[in-house]
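Could you slot chain B onto chain A? The hints should help.
In the order they appear, the protein sequences are chains A and B.
Position one of the first sequence corresponds to residue 3 (the working numbering), numbered consecutively onward.
Position one of the second sequence corresponds to residue 3 (the working numbering), numbered consecutively onward.
The set of hints was computed from the structure by calculation and includes no laboratory data.
Hints are supplied without guarantee of correctness; some may be wrong.
Note: identical chains are not told apart, hence a pair may lie in one copy or across any two.
Calculated cross-link-like contacts (lysine-lysine; reagent style DSS-like; alpha-carbon spacing at most 27 Å) [as the list claims (entries may be wrong)]:
1. Lys64 / Lys142
2. Lys37 / Lys113
3. Lys9 / Lys142
4. Lys234 / Lys280
5. Lys37 / Lys241
6. Lys134 / Lys46
7. Lys134 / Lys224
8. Lys224 / Lys280
Chain by chain, the residues:
2 protein chains.
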Amino acid sequence: MSNITIKELALELNLSAATVSRALSDSYEISAATKQRVWDLAKKLNYEPNPSASTLRSHKSKTLAVIIPEIANNFFSQAINGIEEVSRQHGYHVLIYQTHDNSETEAAFIKSLLSGRVDGVLISVSSETNNKDHINSLDKNIPVVFFDRTLEDIAAVKITTNDYESAYIATEHLIERGCKKIGFLFALNNLSTGKSRLSGYTDALASNNITYDKNQVITCDKNESQNHSRIKKLLAKNKPDGIISSIEELVLPCYAICEELNISIPDDLKIISFSNLKTAPFLNPSLTTITQPAFEIGITAATLLLKLLNKKQVDTDEIVVLKSTLIKRASTGC
Amino acid sequence: MSNITIKELALELNLSAATVSRALSDSYEISAATKQRVWDLAKKLNYEPNPSASTLRSHKSKTLAVIIPEIANNFFSQAINGIEEVSRQHGYHVLIYQTHDNSETEAAFIKSLLSGRVDGVLISVSSETNNKDHINSLDKNIPVVFFDRTLEDIAAVKITTNDYESAYIATEHLIERGCKKIGFLFALNNLSTGKSRLSGYTDALASNNITYDKNQVITCDKNESQNHSRIKKLLAKNKPDGIISSIEELVLPCYAICEELNISIPDDLKIISFSNLKTAPFLNPSLTTITQPAFEIGITAATLLLKLLNKKQVDTDEIVVLKSTLIKRASTGC
Numbered sequence: 003m004s005n006i007t008i009k010e011l012a013l014e015l016n017l018s019a020a021t022v023s024r025a026l027s028d029s030y031e032i033s034a035a036t037k038q039r040v041w042d043l044a045k046k047l048n049y050e051p052n053p054s055a056s057t058l059r060s061h062k063s064k065t066l067a068v069i070i071p072e073i074a075n076n077f078f079s080q081a082i083n084g085i086e087e088v089s090r091q092h093g094y095h096v097l098i099y100q101t102h103d104n105s106e107t108e109a110a111f112i113k114s115l116l117s118g119r120v121d122g123v124l125i126s127v128s129s130e131t132n133n134k135d136h137i138n139s140l141d142k143n144i145p146v147v148f149f150d151r152t153l154e155d156i157a158a159v160k161i162t163t164n165d166y167e168s169a170y171i172a173t174e175h176l177i178e179r180g181c182k183k184i185g186f187l188f189a190l191n192n193l194s195t196g197k198s199r200l201s202g203y204t205d206a207l208a209s210n211n212i213t214y215d216k217n218q219v220i221t222c223d224k225n226e227s228q229n230h231s232r233i234k235k236l237l238a239k240n241k242p243d244g245i246i247s248s249i250e251e252l253v254l255p256c257y258a259i260c261e262e263l264n265i266s267i268p269d270d271l272k273i274i275s276f277s278n279l280k281t282a283p284f285l286n287p288s289l290t291t292i293t294q295p296a297f298e299i300g301i302t303a304a305t306l307l308l309k310l311l312n313k314k315q316v317d318t319d320e321i322v323v324l325k326s327t328l329i330k331r332a333s334t335g336c
Numbered sequence: 003m004s005n006i007t008i009k010e011l012a013l014e015l016n017l018s019a020a021t022v023s024r025a026l027s028d029s030y031e032i033s034a035a036t037k038q039r040v041w042d043l044a045k046k047l048n049y050e051p052n053p054s055a056s057t058l059r060s061h062k063s064k065t066l067a068v069i070i071p072e073i074a075n076n077f078f079s080q081a082i083n084g085i086e087e088v089s090r091q092h093g094y095h096v097l098i099y100q101t102h103d104n105s106e107t108e109a110a111f112i113k114s115l116l117s118g119r120v121d122g123v124l125i126s127v128s129s130e131t132n133n134k135d136h137i138n139s140l141d142k143n144i145p146v147v148f149f150d151r152t153l154e155d156i157a158a159v160k161i162t163t164n165d166y167e168s169a170y171i172a173t174e175h176l177i178e179r180g181c182k183k184i185g186f187l188f189a190l191n192n193l194s195t196g197k198s199r200l201s202g203y204t205d206a207l208a209s210n211n212i213t214y215d216k217n218q219v220i221t222c223d224k225n226e227s228q229n230h231s232r233i234k235k236l237l238a239k240n241k242p243d244g245i246i247s248s249i250e251e252l253v254l255p256c257y258a259i260c261e262e263l264n265i266s267i268p269d270d271l272k273i274i275s276f277s278n279l280k281t282a283p284f285l286n287p288s289l290t291t292i293t294q295p296a297f298e299i300g301i302t303a304a305t306l307l308l309k310l311l312n313k314k315q316v317d318t319d320e321i322v323v324l325k326s327t328l329i330k331r332a333s334t335g336c
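Isolated chain A (complex conformation):
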């Protein structure tokens, strides 16, 4: 807490607290000379208004919240950099909350935000989100923009990438490289993000006359050791010759398991992952990725949120779809 109060300023200046308060808020009721005296002393003594009090008055915190599953994920850290870029230009602070994909944590954050701590929210929802009540209450009460990990049946401003098309292209890339038995590491299965990626994969198989084999698809969640054993079982028993990892977090376990099982990448198994990993070009072998335009997603999401805050005309169920890029590297024999 700042030590200097309005009362103390008033005492020092021989003015009433009400006069000091009005001077600080640049009221027309106070003379220019008095305002200057107040401002000079406030500056000298490093006076800081109490934000709780001033929030009550202005109903503005000049703060945005970003709610994401994990900060230890290059996609999200880059998206946040984009969000901060726009926010800084408009004088907003950015608070970051991570849910660790836990929908209870997510609900608790949202409950605390609903009561006026921030002016707007950017959210990439928890993949554990089954109960959507807290997301709905957020959307009804405060300006919100969804990015990347979104829900299907909620009408809101959403920024996503072309998940279906990207998975389709990834699958065709593996087929072109000679793969015939392509495994799919399915994650985010509660979210449209995850479902679109799975559809892109199955449709690309069908278009290329490859029969869909449900045993080549394994569902992963945030249980790391369970994911590890499921991937290991897939690679050991079903012996796919290609793998699509639908999230970044599953690709390092793949590399570790290949080492363990003496599977050579890309000779025995070609791997491609949705990923913004900075180390992708330096892995052994370098990793072919579907890279999302994370920074641009952040820029776009924050720009739309600020428009909502400033009551500018925004289609409140606008969906912006940005394009990901296939970057071919050694893990698919390129």
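Here is chain B on its own, set in the frame of chain A:
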């Protein structure tokens, strides 16, 4: 903002707003039956107290701020996980702010925090921090714990690692692996963290009768392209046979430059880095690291901050030093 106000609850229950307010705060002045009626309706209508108002009353936000240079750094994301672990157990929210090593951004965050938004602060200071006024004002006004990147001449609770000893061990490891011309990528040069790492390196050279060559030390900051050209010049002209990277961010540029200049790791150049990179074992070649106990640092820092908040006995200039680990991998020929 929640739509339900105390006034509306009062109207619905045919009580005065003051009675509802007292009932909500469990006042002894209100009968148990009335309190129950108020609580039942508040729950039914999803009433949320305004946090600005309740902050003003209680002077507690039940929120901690973590100020760090970058979230896209595995050390910091793991440390935050530790901080969140402890905070969650004690019912605190954690807000994350990133400064991007910009001391103006850091000062602006601190100014906004000083006015009562949070109960306590955990900070790893910006390496650009020359002017320490804002850090001093933080320390005087709100409970604060410094972790990892700290300032020398401020008496406060600090959690660090054995930076001097770690750099000493790293240097001796390179000498044992046959290196005679060891380069040092010097970062955080304004902070005790960076200075200790440099001293560990120079002292280890001296103990092993290797003359210190100032041309083998290059100073890096947050200017990525400048760092890249400095490292390239070092590798091309001074041809070190070993490199110690004092921060994680400089090691991928090293790998890229070695590829560019056809320098083989570890044959021509052995590399070791201070790093918590998850991908370190999967790089080509796998990277020898000095790995800091990031999660434990977070746990320890948050535990000490909560003690400060609860006015428990804490030595207010306590310095806790945790130990880093040398993990030997292929980049140093192991």
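Q) Okay, which hints does this one fail, numbers in order? A) Number 5 - this is the single hint that the structure violates.
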